[in-house]
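*Asks:* What follows is each chain in one-letter form.
2 protein chains.
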Amino acid sequence: MSLNNVFKALSDNTRREILKLLQGGDLTAGEIAEHFAMTKPSISHHLNVLKQANLVQDVRKGQNIYYSLNTTVFQEVVCWFYDFLGCSDGRKNDGDEG
Amino acid sequence: MSLNNVFKALSDNTRREILKLLQGGDLTAGEIAEHFAMTKPSISHHLNVLKQANLVQDVRKGQNIYYSLNTTVFQEVVCWFYDFLGCSDGRKNDGDEG
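Quick note, the sequences are listed as chains A and B, same order. Heads up: the first sequence runs through residues 15 to 112, numbered per the working numbering. Heads up: the second sequence runs through residues 15 to 112, numbered per the working numbering.
Calculated directly from the structure, the hints in this document are not laboratory data. Please note that the accuracy of each hint is not assured.
Pairs involving identical chains hold if they fit within one copy or between any two copies, as the list cannot separate such chains.
[Claimed, not checked] Derived lysine-lysine pairs resembling DSS-like cross-links, with alpha carbons at most 30 Å apart:
no., residue 1, residue 2
1, Lys22, Lys34
2, Lys54, Lys34
3, Lys54, Lys22
4, Lys75, Lys34
Produce the complete structure using the sequences and hints provided.
*Replies:* Written out as structure tokens, the structure is:
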């Protein structure tokens, strides 16, 4: 996982909205597109950025390709913040008691 | 705060390193630049991106301008993840997403 790609992918409202939609379950690109006043190619572009960041995966089910959330990557980003904010004292240079 | 700007600012190794440096205390642009094999103008550019995202603030102390971390914004980003990952179900109902 590249944190650069992940943060870049998250720096867009539409992409964050797509991720929220996928929280509700896997969706095809067409189903995702229905939620936005946007062309399908635009949605495909956003989905590709999310895929490159590994935030979503595409899975073939029958004839359709479904997009699903990869929550592992979210965990890793949250870990970065957790670490950054010093929650994980002891692992890094020493901090408060804990 | 614009989450777009925050995530964009975080999508760069150098900028994330600068934020880590500032964890140790406020620094001038010159002091920050010493830690990188980069020109001062490049560092200034990164500092500006961080400032635009409100992740750092500049504070005049005597003759120098010091950069300091704005941890409030980190909290807000962590809140976004917290919310996204469903830790806070019930706190927010519907979509005034900004």
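*Asks:* Can you tell me if Lys54 and Lys34 fall within 30 Å by alpha carbon in one copy, between copies, both or neither?
*Replies:* within (18 Å within a copy, 40 Å between copies)
*Asks:* Given identical chains, is Lys54 near Lys22, meaning Cα to Cα at most 30 Å, within a copy, between copies, both, or neither?
*Replies:* both (21 Å within a copy, 24 Å between copies)
*Asks:* Using 30 Å as the alpha-carbon threshold, which applies to Lys75 and Lys34: within, between, both, or neither?
*Replies:* within (21 Å within a copy, 43 Å between copies)
*Asks:* Since the copies are identical, ignore which copy is meant and state whether Lys22 and Lys34 lie within 30 Å (CA to CA) inside a copy, between copies, both or neither.
*Replies:* both (17 Å within a copy, 19 Å between copies)
In the structure shown, no violation is registered for any of the earlier numbered hints.
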